[in-house]
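Colleague: Residue numbers (the numbering used here), protein chains in the order written: chain V, 1 to 429; chain Y, 430 to 817.
Read the hints as simulated data drawn from the structure, not as lab findings.
Watch out, some of these pointers could steer you wrong.
[As the list claims (entries may be wrong)] List time: in silico EDC-like cross-link candidates among lysine to aspartate or glutamate, alpha-carbon distance up to 20 Å: (1) Y/Lys701 - V/Asp143; (2) V/Lys58 - V/Asp143; (3) Y/Lys719 - V/Glu393; (4) Y/Lys719 - V/Glu392; (5) Y/Lys719 - V/Glu409; (6) V/Lys63 - V/Asp213; (7) V/Lys58 - V/Glu39.
[As the list claims (entries may be wrong)] From the structure, some residues in chain Y lie toward chain V, with a derived Cβ separation under 7 Å: (8) Thr502; (9) Val586; (10) Lys717; (11) Glu736; (12) His785; (13) His788; (14) Ala815.
Just so it is clear, the structure is predicted and the values come from calculations on it, not from any experiment.
From the three backbone atoms N, C-alpha and C, an ideal C-beta is built for every residue, glycine too.
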Amino acid sequence: MPSEPDDSGMDQFVAEARAFLDEHATRRGQTSDEVVWGEGEDRITYFSTDPPDVEAAKVAAAKSWQKVRYDHGFGWIVGPREFGGRRLSSLHDLVYDGLEAEYDVPDTAVLSLIGLGMIGPTILAHGTDDLKRRYLPAMYAGDVIACQLFSEPGAGSDLAGLATRAVRDGDGWLLNGQKVWTSVAHHAAIGLALCRTDPDKPKHKGITAFVVDMSAPGVEIRPLRQMSGGAEFNEVFLTDVYVPDDHRLGPVDGGWGVALTTLMNERASVGGEGAGAAGRAVGLPFLTELVRANGRLDDAAVRRRLAELFADQAATGYLNHQALRRFRAGEQPGPEASVSKLMYAQNLTRGAHFAAEVIGPRLVADTGEWGTFSWTELLLATPALRILGGTEEIMKNILAERVLGLPKEPSIDNRSPFRELRRSGRAGE
Amino acid sequence: MSTGTGEAIADTARLGASDAELAELRTSVRDFLATRADEAAVRVAMDSERGYDDKVWTQIAAELGLPALALPTEYGGDGYGLVELSVVAGEMGRVLLPSPFFSTVVLAATAVVASGDAVAAERLLPGISAGTTTAALAVPDRAGSWELAAGELGVRVTGSTAEVLLEGVAPLVVGGATADVVLVVADGPGGPTLYEVDATSAGVHRTALRSLDLTRRMARIDFRAARARRVGEPGAAVPVVAHVLDIATAALAAEQVGGARACLETATAYAKERMQFGRPIGSFQAVKHKCADMLTRVQVADAAATEAARAVDGVPGAPEPGVAAAVAHAVCSEAFLAVAAENIQVHGGIGFTWEHSAHLYYRRAKASQLLFGGPAVYYERLLRRAGV
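My request is simple: use the sequences and hints to build the entire structure.
Modeller: Written out as structure tokens, the structure reads:
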């Protein structure tokens with residue numbers, strides 16, 4: 001940020017936000033935590049499994065709601081004014097989110113999770129004025145969805161080992177290679193791509209970042225079907241994709257610094273409250289009804305496991321409250337946020353397996369009975385939680401090295417030229 | 430609290446320290462303990478006859494005023510709450526300070542306040558506040574779970590209405606061998622009732638027990654026609670003990686977090702300096718991830734203990750106190766035990782020696798986990814508090 005954001009006038013901001021929401025959205029009725037067993041939609045979704053037409057309608061709704069927000073000054077609360085922002089503090093952002101959660105509005109995750117949350121701040125930090133003017137207002141107005149072209153088949157946890165090549169071609173660059181696990185690529189107008197520009201330098205020092213037009217010739221997007229059955233992610237193949245040099249982000253071979261900006265903006269809220277269908281399903285009220293419905297409420301072993309699960313869930317919730325309190329008091333979230341993410345994955349996974357144990361064999365095939373086979377959706381999603389957004393192992397390295405100050409593994413790949421490293425996958429060469 | 434005058438005592442204005450004041454309190458307690466209760470001093474104290482250093486206890490009261498911190502102002506206290514008391518408990522747990530603090534202040538004084546008996550409070554709390562009276566609380570339920578049901582207590586009332594006499598055994602009493610005053614829940618005419626006994630009087634027979642936790646000793650107390658005074662109303666001890674349990678498990682949770690953090694720090698420091706295979710062992714992921722797991726446990730436990738203290742103090746926005754205290758008791762008990770065990774593992778052979786501090790923490794962790802009934806009891810209590 002060029003200058004200190006405005007943290008004052010919160011009451012007025014709240015009043016303004018409330019008036020805006022009252023005018024443009026419907027306030028939700030009193031939501032009850034009470035579970036009525038056997039009633040309601042029998043789905044425990046984590047990843048979307050919407051058919052294409054439903055998905056397209058949801059994306060359109062997300063874009064138009066973002067447009068309404070933007071037109072009324074709530075599209076980019078923390079952003080600079082010259083690019084359509086309000087230049088208010090993160091606290092204002094948080095307060096707005098809290099207010100909006102009381103209303104029935106379209107889910108805008110398709111825009112916000114990657115594009116507005118991570119790519120926008122990266123373009124703002126590293127882009128030329130031209131690039132910022134061209135993309136930032138359009139992104140925050142909901143017109144442009146952005147995706148992140150980082151991971152590759154040969155570069156997962158070791159992102160700096162990426163091999164997609166970018167070579168000079170006149171006034172621009174030609175990109176060749178393969179990206180993977182790209183969320184929302186099939187809806188995206190632009191992508192932020194990390195490419196190898198100098199394989200003779202050590203791996204962190206020969207990477208350059210580009211803003212890629214996803215409709216450019218040579219960009220091919222293929223859905224990647226997950227083990228859970230749906231296809232929420234994509235593979236993106238880049239074949240002689242031309243990118244003008246004015247779409248380069250940051251210096252040539254300076255892309256690693258750009259990537260760090262993006263990764264720092266990866267929302268710590270991956271480990272949030274566990275809202276949504278899955279979070280509700282593994283919460284104590286729902287699991288208690290599950291246990292009751294299966295006649296196991298007096299089973300000491302079941303009660304013990306339920307209590308153990310609830311204790312950890314509640315304590316994780318307390319940890320998140322504490323982080324929020326500190327954030328409100330002006331503290332920036334640190335690497336400790338990894339604790340939340342680890343606990344979130346663990347709690348959701350344990351919850352799903354607890355339910356499976358209570359249900360027993362009736363879970364393994366769809367008998368039509370409410371509240372049984374629907375758990376398979378969550379059971380098949382939870383392995384992803386230990387991988388996406390940084391594997392459990394990488395998270396533990398971060399905690400051990402950055403919080404506890406334990407020494408790194410002796411590295412054998414930070415000084416040698418990239419082309420001499422032993423690697424898996426050879427895409428882009 | 431539901432007992433008549435109890436609310437009058439419990440509701441007197443509770444002071445809330447600011448974050449800066451809490452940090453200052455933490456620093457002053459930590460600095461004091463660093464000079465007066467380092468490991469060598471703790472070992473001398475735990476091997477002494479009383480099991481703690483009376484001079485250190487006197488200083489804790491006279492110079493730091495810690496016993497008074499969370500007691501009501503009308504009885505010589507400072508009127509703070511569990512949030513502040515937890516800071517003290519955490520620092521004491523960090524160094525495994527052998528001290529009458531837990532039995533006297535956290536258990537006995539809390540019971541007196543919760544009883545709502547203003548006369549007993551006037552009689553006992555000023556001395557506890559000043560550090561001149563030590564006390565213990567005996568809850569001799571048969572299961573050792575601090576869950577009371579009439580007719581199942583190991584101590585019962587005999588004698589006439591003019592003179593109350595107690596008969597029976599309290600087999601496991603924290604700090605019971607050295608306390609000046611013993612508060613005991615006994616089966617009385619109206620059900621479980623709290624009584625006060627002079628620990629040195631005839632009819633009170635105390636046996637110091639060999640204890641798993643060398644830094645917090647247990648005693649057996651036999652009551653043989655021991656003269657007692659009733660504290661609070663007849664048959665009113667059930668809600669009193671339930672309230673004490675909330676406060677005591679929440680304070681214990683803070684203490685457990687202090688101990689767990691000490692284990693984490695010791696293990697981490699050792700992982701940085703211990704060289705094997707030409708590298709610090711902390712650079713191996715097998716060790717590094719163990720330390721990260723310990724950190725995760727400690728952070729979650731810390732949040733649970735903090736939230737429980739805020740809940741019990743009635744801080745706005747905090748969860749329901751009974752649930753939060755039960756969550757903290759379970760999570761912090763499990764975390765401390767796991768971290769204390771992993772501390773030994775990170776140290777390898779040296780961690781299994783008598784000379785190393787690791788076993789003292791492991792002992793405290795295991796004994797604390799079982800102090801109010803252990804896992805089977807605390808998980809079931811948690812479910813009940815949550816309405817399951």
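Colleague: Run the distance test for V/Lys63 versus V/Asp213: straight-line Cα separation, threshold 20 Å.
Modeller: Distance ~19 Å between V/Lys63 and V/Asp213 Cα, so the pair holds.
Colleague: With chain V as the partner, please determine if Y/Lys717 meets the hint condition of a C-beta pair closer than 7 Å.
Modeller: holds, 4 Å
Colleague: Does Y/His788 pass the interface check with chain V, least Cβ-Cβ distance below 7 Å?
Modeller: violated, 23 Å
Colleague: Taken at face value, is the distance from the CA of V/Asp143 to the CA of Y/Lys701 at most 20 Å?
Modeller: It is violated: about 51 Å lies between the C-alpha atoms, which goes past 20 Å.
Colleague: Assess, step by step, whether the Cα of V/Lys58 is no farther than 20 Å from the Cα of V/Glu39, and give holds or violated.
Modeller: violated, 25 Å
Colleague: CA of V/Lys58 to CA of V/Asp143, is that 20 Å or under?
Modeller: holds, 14 Å
Colleague: Under the criterion of a CB-CB separation shorter than 7 Å, is Y/Glu736 in contact with chain V as hinted?
Modeller: Since the shortest Cβ distance to chain V is 4 Å, the answer is holds.
Colleague: So if I understand the rule, the pair passes when the alpha-carbon distance is 20 Å or less; does Y/Lys719 with V/Glu409 pass?
Modeller: holds, 15 Å
Colleague: Under the criterion that the straight-line Cα-Cα distance not exceed 20 Å, is the pair Y/Lys719, V/Glu393 satisfied?
Modeller: holds, 11 Å
Colleague: Can we keep the Y/Thr502 interface hint, with Cβ of chain V closer than 7 Å?
Modeller: violated, 28 Å
Colleague: Can we keep the Y/His785 interface hint, with Cβ of chain V closer than 7 Å?
Modeller: Hint violated; Y/His785 Cβ to chain V Cβ min 20 Å, cut 7 Å.
Colleague: Compare the distance between the alpha carbons of Y/Lys719 and V/Glu392 with 20 Å, and conclude whether the hinted pair is satisfied.
Modeller: OK: Y/Lys719 and V/Glu392 at ~12 Å, within 20 Å.
In summary, the structure is inconsistent with hints 1, 7, 8, 9, 12, 13 from the numbered list given earlier, while agreeing with the others.
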